[in-house]
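With the hints as extra help, turn the sequences into a complete structure.
Going down the list, the protein sequences come from chains P, X and R. Quick note on numbering: our numbering labels position 280 of the first sequence as 280, and the sequence is numbered without any gaps. Our numbering runs 318 ahead of the 1-based position in the second sequence. Our numbering runs 957 ahead of the 1-based position in the third sequence.
Check the hints yourself; a few may be wrong.
Claimed, not checked - Pulled from the structure, derived: some chain X residues nowhere near chain P, Cβ distances all over 12 Å:
1) 411
2) 635
3) 643
4) 777
5) 832
6) 927
7) 935
Unchecked claim - Example chain X residues on the side facing chain P (calculated, C-beta under 10 Å, incomplete):
8) 394
9) 433
10) 443
In case anyone wonders, no lab produced these hints; they're calculated from the structure. In this text, all values refer to a predicted model and were calculated from it rather than measured experimentally. The C-beta atom is built at its ideal place from N, Cα and C for all residues, glycine as well.
One letter stands for each residue in the lines below.
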Amino acid sequence: MAIVLFLLKRLVGMVVILIIVSFLVFSLLALSPGSVVATLLGTQPSTPQVVAAIKAQYHLNDPFLVQYWHWLTSAVHGDLGRSIQSGEAVTSVIASHLPVTLELAAYTLVLVVVVGIPVGMAAGIGRGRLFDRSVSGATIVGMGAPGFALGILLIYVFGVGLGWFPVYGAGSSQAIDRVYHLTLPAVALATGLVALIVRQTRAAVMDVMEQDYITFARTRGVGRARVMLGYALRNTALPVVTAAGLLLIVAISGTVLVETVFSLPGAGQLMVQAIEAKNVPVVQGLAFFVAVLVVAVNLLVDAAALMIDPRTRAGVRG
Amino acid sequence: MNTEEGAARDLATHLHPDDAGDRSGAALLHVERLNVAVGPVRRARPLVRDVSFDVHRGQALGIVGESGSGKSLTARAVVGLLPAGLHASGSVTFDGHQLIDAERRTWRALRGSRVSLLLQDPFTMLNPLQTAGAHLAESLPRGGHHSRSRQRDEIARRLGEVGLAAEVAEQYPFQLSGGMRQRVALAVALARDPELLIADEPTTALDVTTQAEVLELLQSIRRSRGMSLILITHDLRVAFSVCDRVQVMYAGSVLEQSPTAALAADPAHPYSLGLLLADPPVTHYVAELTAIPGSVPQADTVADTCAFAARCSWAQPECAAARPPLAPVGPNRTSACLRLGEIHPELRAALSHLDQPAAPPPALTVGDPIAAITELRKTFHTSRLAGRARRTTALDGVSLQIGEGESVGLVGETGSGKTTIARALLGLITPDAGRIDLAGIDISNYRRLDRRQRRQARRIVQAVFQDPYTSLNPALSIGTTLREVLDLRGDVTDSRHETADLLGLVGLPASYAQRRPVALSGGERQRVAIARAIALRPRLLICDEPVAALDVSAQAQVLELLRDIHRRYNTSMLFITHDLSVVRQMADRIIVLYHGQVVETGDTATVLDSPNHPYTRRLINAIPSAQAPSGHAPDRSEP
Amino acid sequence: MTSDVRSDQAEGAAIDHLQRVPVVAVICGLVLLAVLVCVVAGGWLAPQDPSAQNPLLSAMAPGHGHLLGTDELGRDVLSRLLSGARSSVVGPLVVAAGCLLIGATLGMAGAYFGGVVDTAVNRLADMVYALPALLIAIVVLGVVGGGYWITVAVLLLLSLPYEIRLCRSAAMVEVRLPYVDAARTIGISAWRIIFRHVLPNILPTVVATFLLDFVGALVGFAALSYLGLGVPPSSPSWGTTLAEGQSLITQNPWLSIAPAVLIIVTASSATLLGDWGHELLAHAGTQR
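Shown next as structure tokens:
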């Protein structure tokens, strides 16, 4: 019960943050160069009727804060306005671009978890050995390799050079074809993330393995499996889970660029195209969506930390 | 017998009349020429050299030494858990099993069920994510179909053995006090009923009264189980109170092995004597504290000489020529002193010096109060990761005065509020209520003072902090640290000369000005900290546990230096400590603090010889060698 | 009393450390030095005029006196990359230096003084820290627009929280140590304690974050200019060259590969140097 209450409190805090972010997102419209009407008109002909319709829709004759209020209430009801380019509802534009992004994200997540965590643990346990040192070196290059630059190299080597993988687009909606098309983008996106998670896991494992409780468990004959799972892995989990929030924000920016490099019709590419076209409603919608995502993931991380560590739970109980 | 060492000898002879348990068969643990070294084989630096000893069934061996003596590494080598990069050679046999480079299978059969290790820090020894009960459950003997309720009963029984209630099984380590954690750890270490328990400084991290309870518990369990024990400690008194035999280690070598009573009454090595003398008595004032000059060397620098020769007052050229081996010097006794035959009478004479009737403490001339604290209150709010803040009351209406030229001892354990008083006097925290007067300036709220008043207050009171390893800025040289203070004093023209003078005053060579703190030993650092504090010529010097973090042999040097400063400059002192023998030597008057309140105050002799408050009595009874083991009470007093 | 085992272990690690003469670190240092030389004298080192067009030699593979070939307008790729070093690296350097000055000062002051302002700054930093900085930069610069120095300012603002948090938490550890209490007791002024006592002890963190901030900003600048933001398309930079080269990857692969490699190598070198410098300095602080 106390935990639910704590999470509710967190939730309220996050709603406050969302309101602040939404205000900033809304202000984008006013901040973009040129008049708001001109921005919203886009390439449409500027007839009095259209202008009046836009003014009515966005309540442009009202004070700024009232405009914001109208925008926010419709946003909460799922109405983020209409795309200037296509006239479609922003939500449906975003929805049509989301699948590719989510598939890319899932693919990347699998790579990060399957490669990053085991490698990090192995390096941390065998600290100072050859494997650890080569992994540590590789993570530094991985952290310094931005997804878009790496993407170009992958395209050249595996696409143009070796011809193993397609270099552009998401392919058909068939699962195999999709995986085939998303492999290079996922690798480009995952490299930096894997490097991050390897470092975090390695540091956490090294820290845990040096703790007295590991030595104490070993001296009293607790089995090796139990020490590794019940002691090392569980105590490592907390810092690693906490790093998930960090991973997410790196991944979000990375997705935008990687989708652009590989011409994937996902939300990231939509963002870049919308920015180029000054399609402010779509940009606002995407930015708002990202803010909700960040807040939600942070909430999940908090909940996970509560589940893992009794100390945080006790803090909740007071 | 009127000294505590006397009492110890008495006690030891009384408790261990024949100095051993079952001596009939071979030793349970036989260690022969054990060496521990660090680094690659060819360039290995020795950390432990040629250590040999036996532990018989039911026997308790104390391994005593200062930091760097190799005592902990010896223990780790015995259980096969040396830190990475260190390796052991020689022979360690446990009941016939060779343990050096033993296979995992051998260890699996031994660890926990036959040999177990209890570590120093109860706060890090238990898995923070696991309840006390889970720790016990995973360690209880395997095999057999334990039903849930049977297991729960067994856990309750085990917790009962260490004096804890059954409900503790449901609690996580962070919900338990240090003493309770150490009890849980003990129950866990004993869960598979080992024949040998190695306890590495098991009480060092605990408060005095808790320490006494845990030692008693260890002793009674060992007795009732007939278990062997190796107790590793830096504190001779702790070893005396529990062990049949004591082995004294220094810089990686064994210097003496003796039955406890014999060592306490008649040390067979100058270093053993030095340790006995360096420990000030609680029973009476000693006019001059005997210190071992110099500081502990690194093990590899004394590989080819008597490790103690450089600090020994009896050393001759032959002592430095080669490393003297351990040689038998009496029944069940060995010593590594080459000259023992010649100097033994002198060692005895030096020890008897301690027993001589107490010299009267110097008469005190107390002037007007230099500092007066009235009804001081302070509550701390600590916020946690999640949830509400916690409030802890550190000071609950404390009043006290320190007279000009007076030395006041402030005694209490963790949470008594003694450090909070020091910090309030130094203006490092602002009290919630109450008043602090410093020679006429009201410094209750430092922030309200103007610049001039603040400077004045700083001139009046200075401090020496507990931990010399962190109280000096590691990035600055000693000279820079001292010059910074001298510049503030403003009247110094030749700061280089003045720095050298300051260093000389605390007994350090002027060349130390170029060094950084890392190049100094703990005792030397504390001298620098003292030099920094007295550079401003304060009228009141606050010493917050100034020797608690130091090796025994360095403690006496620092205490003697502080006494010297007190006498020479008539500096008032506020001496904060948990150690009653230290306060006996340092204070004219004692104030006992308990949970943020003054519970007893009076002149030193009166308070220590005829304490009034039950808590003061508990503190005095908790001094290891001065008490006889009795029944133990569960430790539930602290949160 | 420090446990024997711990101190001995530290010694063991020290020995281990001294054995590894960091050849890699030297190489990384040389790489960064070379990049800096290009920043200062890239235009002068360039074998040809980076903006001289030659429609006859459009998107040519290496050869004909063009070591890395030419771009779509027939300009020499090597010359463009050399002279592009300035706009690719100066901005990130300014961002990192700004972070160092403002962030470290705010972080240390926050840790030392505490109080309401510290709490507010810290909360704000926490909030911004949890947001995808690069994406915000893309949105703000894309929608609102802005030139090179606006980009520097935006990236600086977005990297500050990182610097503040790290410096603050490192300083927090130091501020609680008795040597700071001792300095206060003696009567040394607050700012003197901060800069003379705390700063040298958190130097490892400060140096490492400087280099990490630089890497973040370098990658950020490249990403922005890849998207056509931040750096005007006419002036050469690694990011813009990369973007131009992608569509011509079959004609002259070096047009895109060379800037990609440049970015990765520079960023990795700085990361490694930061990592190594942190360990070295942290080590020097405890053992000497």
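Hint by hint, here is what the structure shows:
no., hint, result
1, 411, "holds, 18 Å"
2, 635, "holds, 44 Å"
3, 643, "holds, 31 Å"
4, 777, "holds, 44 Å"
5, 832, "holds, 34 Å"
6, 927, "holds, 41 Å"
7, 935, "holds, 34 Å"
8, 394, "holds, 8 Å"
9, 433, "holds, 8 Å"
10, 443, "holds, 5 Å"
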